[in-house]
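Those protein sequence lines, which keep their order, are chains A and B. The first sequence begins at 1 in our numbering and counts up by one. The second sequence begins at 1 in our numbering and counts up by one.
The hints are simulated quantities; they were obtained by calculation from the structure and are not laboratory data. Note that CB positions come from ideal geometry on N, CA and C, so glycine has one too. Hints are not guaranteed to be accurate.
To be verified - Taking CB as the label site, the calculated pair distances span:
| # | chain 1 | residue 1 | chain 2 | residue 2 | range |
| --- | --- | --- | --- | --- | --- |
| 1 | B | W154 | A | T63 | 22 to 30 angstroms |
| 2 | A | G88 | B | E37 | 21 to 29 angstroms |
| 3 | B | F114 | A | T109 | 31 to 39 angstroms |
| 4 | A | A92 | B | K22 | 41 to 49 angstroms |
| 5 | A | E85 | B | E37 | 28 to 36 angstroms |
| 6 | A | A80 | B | L52 | 21 to 29 angstroms |
| 7 | A | E85 | B | P205 | 31 to 39 angstroms |
| 8 | A | V9 | B | K22 | 24 to 32 angstroms |
Said to hold, decoys possible - The calculated lysine-lysine pairs, modelled on DSS-like cross-linking and capped at a C-alpha distance of 27 angstroms, are:
| # | chain 1 | residue 1 | chain 2 | residue 2 |
| --- | --- | --- | --- | --- |
| 9 | B | K110 | A | K103 |
| 10 | B | K22 | B | K110 |
| 11 | B | K22 | A | K103 |
| 12 | B | K141 | B | K110 |
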Amino acid sequence: MVQPTETLVETPSQTAGPYVHIGCIPSFAGVTGVYPQDLGLSPIADGAKGEVITITGAVLDGTGWPLRDAMLESWQADAAGLYPEQDGADPAVGGFCRFAADKDSGEFTLRTVKPGPTRGRNGLQFAPHIALWIVARGINLGLCTRIYFADEDNSTDALLARIEQRPRAETLLAQPTGNGEYRFDIRLQGSGETVFLDL
Amino acid sequence: MTDPLMPRRHEVHPVSRWPEYKTSVTRSPSLPLLSMESTPSEETGPRFGHSLIGPHDNNLIVNFTQGADSAVGERIRVYGQVMDETGRGVPHTLVEVWQANAGGRYRHVKDTYFAPLDPHFGGCGRTLTDDEGRYEFMTIKPGAYPWPNRANDWRPAHIHFSIFGHAFGQRLISQMYFEGDPLIDRCPIAATIQDRGQLDRLVAPLVMQQSRGMDYLAYRFDIVLRGRRQSMFENRPEGM
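Same shape as in the complex, but just chain A:
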């Protein structure tokens, strides 16, 4: 026998289910009057520094069909690469946003400022990116991925560099479509499957 370890174990996940909106985006579910407004409506307030961008996409299942019940959350740094808790961060960047796939088309839209590059421990560099967390019926543990930008220099990014099959890195690149707009589709399974993360 050995001494017991002192750590607890994370609570197991269960699917968010199709009615996740009731708890997280009540107005989407048709529940109004409990809270003044939904949480996480925008990651930025008026006056946020940087380039305002709009990212549109869909979450596609293994047959290519868009999920109509997905909920997504994003978290990001400001235009200077500082997270909201860090000294000197732009007070107009809350960094967090919550949004749903449209109940008919499955399309989602995120309007934010493009984040700056960031640094991690040991000098690791990260190109501008937005962390994304996806839950839905049939997803048993929330899926983590990142939105990078095809029009940025991603060559020194420490995470993209770890993707062994180089073409798969492209699944994390939002493609510019003009006027500060980007397209970012998430493929849960099959051809072009998005790289999902365990960080």
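Using the hints, position chain B against chain A.
Just chain B now, with coordinates in the frame of chain A:
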């Protein structure tokens, strides 16, 4: 610079593809996840203040009517503590819940089950944990309900929980079940957790000592989020 998160122990979590839960078959990644040590994107996260929380937010019995009327159902108190893997309480973190009404019907534009809506029940609530990570809700016990999967699948009574922690990488959604429910063992969603001992951690015990006579029954549900690794050999200024 913040401390890295402890790696997620995937063996405690559900498998992503579970054929008896049919929707998971086309919504589960088939390729391995890309693993590496957490970075600032996972080690930081949104914080929410007390100004967010309204006086009725953690009382689902009355929050849909802002205190004017009460929902129908068995009155219950759900309470517990949010901790991290180091055993410390997680203070001032947002806990959100949602659930069906006492008849097993959700107030959602896409729920078409013919059990009636309760005009006095919305089905969502939220609260912030206190200085020690404790939280509580008042609600009614949700009903079981049938759902389209196999020919006759029923969800056990459950309350959905969404917890933030203090880092985006701690984000967790799960479900609380109720002690003694015979539908837990028949539920293909519960069965996505392969380790029965882990599934038991989602089953809240009835605690009579915390129940109130002539008022409510109490169920305890503790939640553990990922912790942070701390070493004296890390996080020192360069050159030391």
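Has the given pair, K141(B) with K110(B), been kept, meaning a C-alpha gap of at most 27 angstroms? holds (22 angstroms)
Take a look at whether the Cβ-Cβ distance between A80(A) and L52(B) falls inside 21 to 29 angstroms. holds (27 angstroms)
Between K22(B) and K110(B), is the straight-line Cα distance small enough, at 27 angstroms or below? Given pair K22(B), K110(B) holds - Cα atoms ~19 angstroms apart, limit 27 angstroms.
27 angstroms limit on alpha-carbon distance, applied to hinted pair K22(B) and K103(A): holds (20 angstroms)
Just tell me: holds or violated, for the beta carbon distance of F114(B) and T109(A) against 31 to 39 angstroms? For F114(B) and T109(A) the Cβ distance comes to about 34 angstroms; the hint holds.
Holds or violated: 28 to 36 angstroms for the Cβ distance of E85(A) and E37(B)? violated (19 angstroms)
Within 22 to 30 angstroms: is that where the Cβ-Cβ distance between W154(B) and T63(A) falls? Holds - the Cβ-Cβ distance for W154(B) and T63(A), about 27 angstroms, lies within 22 to 30 angstroms.
Between the beta carbons of E85(A) and P205(B), is the distance compatible with 31 to 39 angstroms? At 37 angstroms between Cβs, range holds.
Quick one: are A92(A) and K22(B) within 41 to 49 angstroms, going by C-beta? holds (45 angstroms)
Status of the given 21 to 29 angstroms range, CB of E37(B) versus CB of G88(A): At roughly 25 angstroms between Cβ atoms, E37(B) and G88(A) fall inside 21 to 29 angstroms, so the hint holds.
Taking 24 to 32 angstroms as the stated bounds, is the beta-carbon spacing between V9(A) and K22(B) within them? Between V9(A) and K22(B), where Cβ atoms are some 29 angstroms apart, the hint holds.
27 angstroms limit on alpha-carbon distance, applied to hinted pair K110(B) and K103(A): Holds, at about 9 angstroms.
In terms of the numbered hints stated before, the structure departs from hint 5 and from no other.
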